[in-house]
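Combine both chains into one complex, guided by the hints.
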Amino acid sequence: MQFVQLLISGVSQGCIYGLIALGFVLIYKATETVSFAQGELMMLGAFCGLGLMTVLGFPFWLAVPATLVAMGLFGIVLERAVVRPILGQPAFSVVMLTIGIGYVLRGLVTMIPNIGTDTHTLPVPYKDLSLSLGGLVLNAEQAVVIAATAVLCGGLFAMFRYSKLGIAMQAASQNQLAAYYMGIPVKRLNGLVWGLAAAVASVAGLLLAPITFVHANMGFIGLKAFPAAVVGGFGSLPGAIVGGLVIGIVESLSGFYLPEGFKDIAAYIVVLLMLMVKPNGLFGDKLRKKV
Amino acid sequence: MRFLFKTDYDQDIRLAKHGGQRFWYGLLLLALLAAPWLVPEYWLAQLTFVLIYGIVGLGLMLLAGFTGLFSMGHAAFLGVGAYTQAALCGLGWPFPLALACAAALSAAAGLLVGLPALRVKGIYLGMATLSFGFIVEEVFARWESVTGGNAGKHVQAPDFFGWKADSAESFYFVCLVIAVASTLGILNLLRSPTGRAFVAIRDSEISAQSMGIHLARYKSLSFALSAALAGMGGALYAHKLQFISPDQFDILQSIDLLLMIVIGGLGSVHGAFLGALFLISMPQVIALSKDSLPDAIAQAPGLQGLVYGVVLIAFVLFEPLGLYGRWLKVRTWLQMFPFYRKGMFKRQKSFQKSDRLK
Numbered sequence: 000m001q002f003v004q005l006l007i008s009g010v011s012q013g014c015i016y017g018l019i020a021l022g023f024v025l026i027y028k029a030t031e032t033v034s035f036a037q038g039e040l041m042m043l044g045a046f047c048g049l050g051l052m053t054v055l056g057f058p059f060w061l062a063v064p065a066t067l068v069a070m071g072l073f074g075i076v077l078e079r080a081v082v083r084p085i086l087g088q089p090a091f092s093v094v095m096l097t098i099g100i101g102y103v104l105r106g107l108v109t110m111i112p113n114i115g116t117d118t119h120t121l122p123v124p125y126k127d128l129s130l131s132l133g134g135l136v137l138n139a140e141q142a143v144v145i146a147a148t149a150v151l152c153g154g155l156f157a158m159f160r161y162s163k164l165g166i167a168m169q170a171a172s173q174n175q176l177a178a179y180y181m182g183i184p185v186k187r188l189n190g191l192v193w194g195l196a197a198a199v200a201s202v203a204g205l206l207l208a209p210i211t212f213v214h215a216n217m218g219f220i221g222l223k224a225f226p227a228a229v230v231g232g233f234g235s236l237p238g239a240i241v242g243g244l245v246i247g248i249v250e251s252l253s254g255f256y257l258p259e260g261f262k263d264i265a266a267y268i269v270v271l272l273m274l275m276v277k278p279n280g281l282f283g284d285k286l287r288k289k290v
Numbered sequence: 000m001r002f003l004f005k006t007d008y009d010q011d012i013r014l015a016k017h018g019g020q021r022f023w024y025g026l027l028l029l030a031l032l033a034a035p036w037l038v039p040e041y042w043l044a045q046l047t048f049v050l051i052y053g054i055v056g057l058g059l060m061l062l063a064g065f066t067g068l069f070s071m072g073h074a075a076f077l078g079v080g081a082y083t084q085a086a087l088c089g090l091g092w093p094f095p096l097a098l099a100c101a102a103a104l105s106a107a108a109g110l111l112v113g114l115p116a117l118r119v120k121g122i123y124l125g126m127a128t129l130s131f132g133f134i135v136e137e138v139f140a141r142w143e144s145v146t147g148g149n150a151g152k153h154v155q156a157p158d159f160f161g162w163k164a165d166s167a168e169s170f171y172f173v174c175l176v177i178a179v180a181s182t183l184g185i186l187n188l189l190r191s192p193t194g195r196a197f198v199a200i201r202d203s204e205i206s207a208q209s210m211g212i213h214l215a216r217y218k219s220l221s222f223a224l225s226a227a228l229a230g231m232g233g234a235l236y237a238h239k240l241q242f243i244s245p246d247q248f249d250i251l252q253s254i255d256l257l258l259m260i261v262i263g264g265l266g267s268v269h270g271a272f273l274g275a276l277f278l279i280s281m282p283q284v285i286a287l288s289k290d291s292l293p294d295a296i297a298q299a300p301g302l303q304g305l306v307y308g309v310v311l312i313a314f315v316l317f318e319p320l321g322l323y324g325r326w327l328k329v330r331t332w333l334q335m336f337p338f339y340r341k342g343m344f345k346r347q348k349s350f351q352k353s354d355r356l357k
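Sequences listed follow chains A and B, in order. Quick note on numbering that gives the first Met the number 0: the first sequence kicks off at 0 and runs consecutively. Quick note on numbering that gives the first Met the number 0: the second sequence kicks off at 0 and runs consecutively.
Bound-form chain B, shown alone (with noise of 0.2 angstroms):
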């Protein structure tokens, strides 16, 4: 077992903790650094997927997992992201030039969202949400001039002043340093002010109000935040698959993202990465297991959907906390050998109250 001594404030706001984590998290980065010469091709595209759905689920569980704002529209802000690189690109800008620029419209469009944010809650914000993510993907399909439509539009290599990451490996780099950045860049605001006042929302707002929390302010600004993380998902995720049309963007998409941090676990960082590997590998699972099931089973359409549905029930009913929870008790198990106890994690049995009352 570990014991941490502490014997400095700071201690308590340092990233890592000790030196078995710069040491784990050190290995990690060596280890996707050195990827694209370890890993065939394919694989390593499956890793800039999970990069980039991992950088949309960093925003989307800061959203989520850490102000206690659901968005059940989140597909909308990865659209804005995409399509306004896709229209810079086209135009012959910079790629560091087009990412910003993306990253501010789904800003922009987060703040917009968010002012209904403030004065409804709970199920009516996923309404609100929700329908807003229906009017933005009818308005990619109609604004032909822009989007080109149903049809879809062809996104260009990115370009850094010349020098265009075109092959796998240079784009693989470039969504890693993306990743690496907004990683930090979300560790560090969670342990300022910023963080502390979000978690403070989510945990109850009337109490975090009379802490002199502005509601407003900082709702408005995890909208902003978040929008921008996905618009940076949907920037890069648009340069990965060079085509993108509306059907991508859609409210199945949506879903896709919450399903990804809810699976990953709620209130963690880990957890945007996990649920990323898990929505990215699903498939290929399926596909895989697809030659031992009978035909009417493998060839259905809804096989997805029904083991997805399953894997959300299970990790709900039994893992509120999500991969990241699952992963702590194997962790606390393994440091606390032979003196783990059963009941350590056990959920405190809670009684709901109205949300109407509030």
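The following block holds chain A by itself, in its conformation from the complex (with noise of 0.2 angstroms):
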């Protein structure tokens, strides 16, 4: 009873790390560049609802769609001002200018007078409820992200599928001089990525909230959202959310029944194991180059 309890609460953590990869995944699969602001950006997310719903008193029905809207836009002004004017130099190039991106972030939020420095808590309306079944527990909070996890990677992977954009955006990943030649527009489909992925951060960090708090800190748990990418194999939107399962789990396991201190570095040791063995994830396309 208490290892399935222990799963449970490491499927609804792998869910958040999930749902932070998912962000990576999208940006990389079109773009084919990695963006350490994901985590900033959830964080900005979750101040937004929370200036939203404190501030301006919306009810928590209205501040969801208007913070997903709020940070879409932000991220497609954030792409058009300073993604941009570096579109198709090497992909290092792109990691640097994220980490400054995110540096940034952070200190702007700490410097919102009384609320940046601060930990808050959302006032979400299924707070403090649970389901139990059996003797098991199950949080309404956790319920609540691993059904909107689930939603979310559905409908991306669909979009990734089947629509027209989805695909559009994979060949702008693959080729870009190519896509350009198909008169695909790169430009406005590269803004359309990072809107899109800033929206899915908020949502991370909408859920993540009640879970956690809200802090200026709290984009570091992206740190731990890489490795669930990466377990994932790294363009792959359900590899992403498979990885954040496993790494969850390994997580709440490894904290349960190893030694102190294990449960921290888990998630690297899995990630590095990954890497040796199937470098390209679980679900990675293996693609050769032919000559």
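What the hints contain is simulated information worked out from the structure, not anything from laboratory work. A hint or two may mislead.
Said to hold, decoys possible - Subject to a maximum C-alpha distance of 25 angstroms in a straight line, what follows is the list of computed PhoX-like cross-link-like pairs (lysine-lysine):
(1) K328/B - K341/B
(2) K277/A - K16/B
(3) K345/B - K328/B
(4) K186/A - K5/B
(5) K16/B - K5/B
Claimed, not checked - A few chain B residues facing chain A, derived, Cβ under 10 angstroms:
(6) L31
(7) F69
(8) E136
(9) A156
(10) F160
(11) L175
From the three backbone atoms N, C-alpha and C, an ideal C-beta is built for every residue, glycine too.
Structure representation (structure tokens):
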């Protein structure tokens, strides 16, 4: 019974990692770059929701879509302002750029007087509810996380698989020049992807807020989501969720069965093993260049 | 303008290309030698830190700037060196022997991390080194019998077979000697076949391989050398601070190191030291400007991060070659005055291609 309970808490934690990893994978799949600012976008999304609900007094069901729209627009503006000028440059430039964006966002949030440096709780309507089934307990917060993750993942997967837009995004990431030749508006697509990724990040932030707290350093959880994305295979959306679940479950089990200290690094040990055994991840596509 | 007439093939690999360089670098060396008598003690300490970070930066520059392998966990090597030095000096080992051991142990760790690097590239390599950094940090915190855990560990002054470098000036000279030696070492390495192989791997792995360069061997070598330099820097860092704890070697330190070489200028030896100068002087500049800023901004804990972020973004966007690239432009402008044209350093338009298909 205890084992099952550990599994459940691992799954719900894993879903959060998976949700953040979705943002990484989204940007990677569509632009073949890695955004290190994803955790900070998530933090900003949580703060945005908090501001809407506490300062402006929005109800929860209005605050969530408003946050998503605001963060989506922010993502598009961000792409237009700083990411687009280095479009086509080596991926490492984008990595450094997003590290810089992360620093700036974190620094800016701490500068909001009285709000930025404190920890807050997000007032959600489903707080303190829990489902219990034969001795197993599942908090409503965790249930919402799991459900939202499944829906988002399914929707994004379908978009990349079946819609013209998604296929165009994949084309733009595989060969930018050829995508231009095929008449794909690569720049506009990239803007859209960043907006989408920012919206996904703010969903993660809003879902995470009731479980942890809202504070300026909550973005560091993004560093745990990287292993999730790698384990799942960086270019695969379902892989991100599965990777997140693997990391979450390993973490929760090692926290219970292994000596103290292993919980924090379990994710990284898993990812190192994964990189040695199967560098493309569980769901990574094996592509070979034919000469 | 200066025209170099090439009459000899050796001229191409000479360290100092012309008399001007010999003069200016000689002057720089003289200034550094005279520094303990010229600058107050506080600034001498900062200069020592610049030298230490410069040594670490050289290592990372060799790996990232010249071999094209990006490590996001370089603070771990710094930590391995620092703790080895602390432990061995605690046992009463002489400084040079302990330093050699610190470098060797770091190099061994670098080889270990280099193993996955042989199979993965790009972001996966970053991920592998990042994971390694987290694991090593946790080991530092948990292995209390050697590292003292989170409580930290004191480090004794360097001991050269009886002579102790316990004053600020003597330790400065120790750092200066090591920094100059490693700079010359790196410069020499880069003009040797090994260094050329590194650069070839950076520019194109496939072409390097077809020219007969053994990728696995040279990548491992690059990792080991880079880690050894970081370990030496870490050992000096431990002596300078006299107290080390695991949180000095965390992910933020690793990112600071990356930031240092990107701002200094990737792919140039000068860049390592220019970046170190930036990294050390920036907190001072921020502290000085705090008085003239409004309270809400000046007292915010994230001010330093914000400034670093803005500077980093600005460099990536406008000056991808870093501080050294800016200096190159200024120098060219001066040399060619008044014939400098705007487009001379223009970035070529490029289109990204998938790494997955390589």
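The hints, checked one at a time:
1. At most 25 angstroms may separate the alpha-carbon atoms for a hinted pair to count; K328/B and K341/B meet this at roughly 10 angstroms.
2. At roughly 48 angstroms between alpha-carbon atoms, K277/A and K16/B are farther apart than 25 angstroms, so this suggested pair is violated.
3. Proximity of K345/B to K328/B is assessed by CA-CA distance (about 11 angstroms); at most 25 angstroms being required, the pair is judged to hold.
4. Restraint check for K186/A and K5/B: the C-alpha separation of about 47 angstroms exceeds 25 angstroms, so the hint is violated.
5. Between K16/B and K5/B the CA atoms are separated by roughly 10 angstroms; this keeps the pair inside 25 angstroms, and the hint holds.
6. The closest approach between the C-beta of L31/B and any C-beta of chain A is roughly 30 angstroms, which is over the 10 angstroms cut-off, so the hint fails.
7. Satisfaction of the interface hint for F69/B is found here, the shortest Cβ-Cβ separation to chain A being roughly 6 angstroms, below the 10 angstroms cut-off.
8. Given hint, E136/B at the interface with chain A, holds; its Cβ is 8 angstroms from that chain's nearest Cβ, closer than 10 angstroms.
9. Interface hint status for A156/B: violated, as the beta-carbon distance to the closest one in chain A is roughly 32 angstroms, over 10 angstroms.
10. For the restraint placing F160/B at the interface with chain A, the shortest Cβ-Cβ distance is roughly 39 angstroms, beyond the 10 angstroms limit, so the hint is violated.
11. Restraint check, L175/B versus chain A: the minimum CB separation of about 30 angstroms is more than 10 angstroms; hint violated.
Checked against the numbered hints given earlier, the structure breaks hints 2, 4, 6, 9, 10, 11 and satisfies all the rest.
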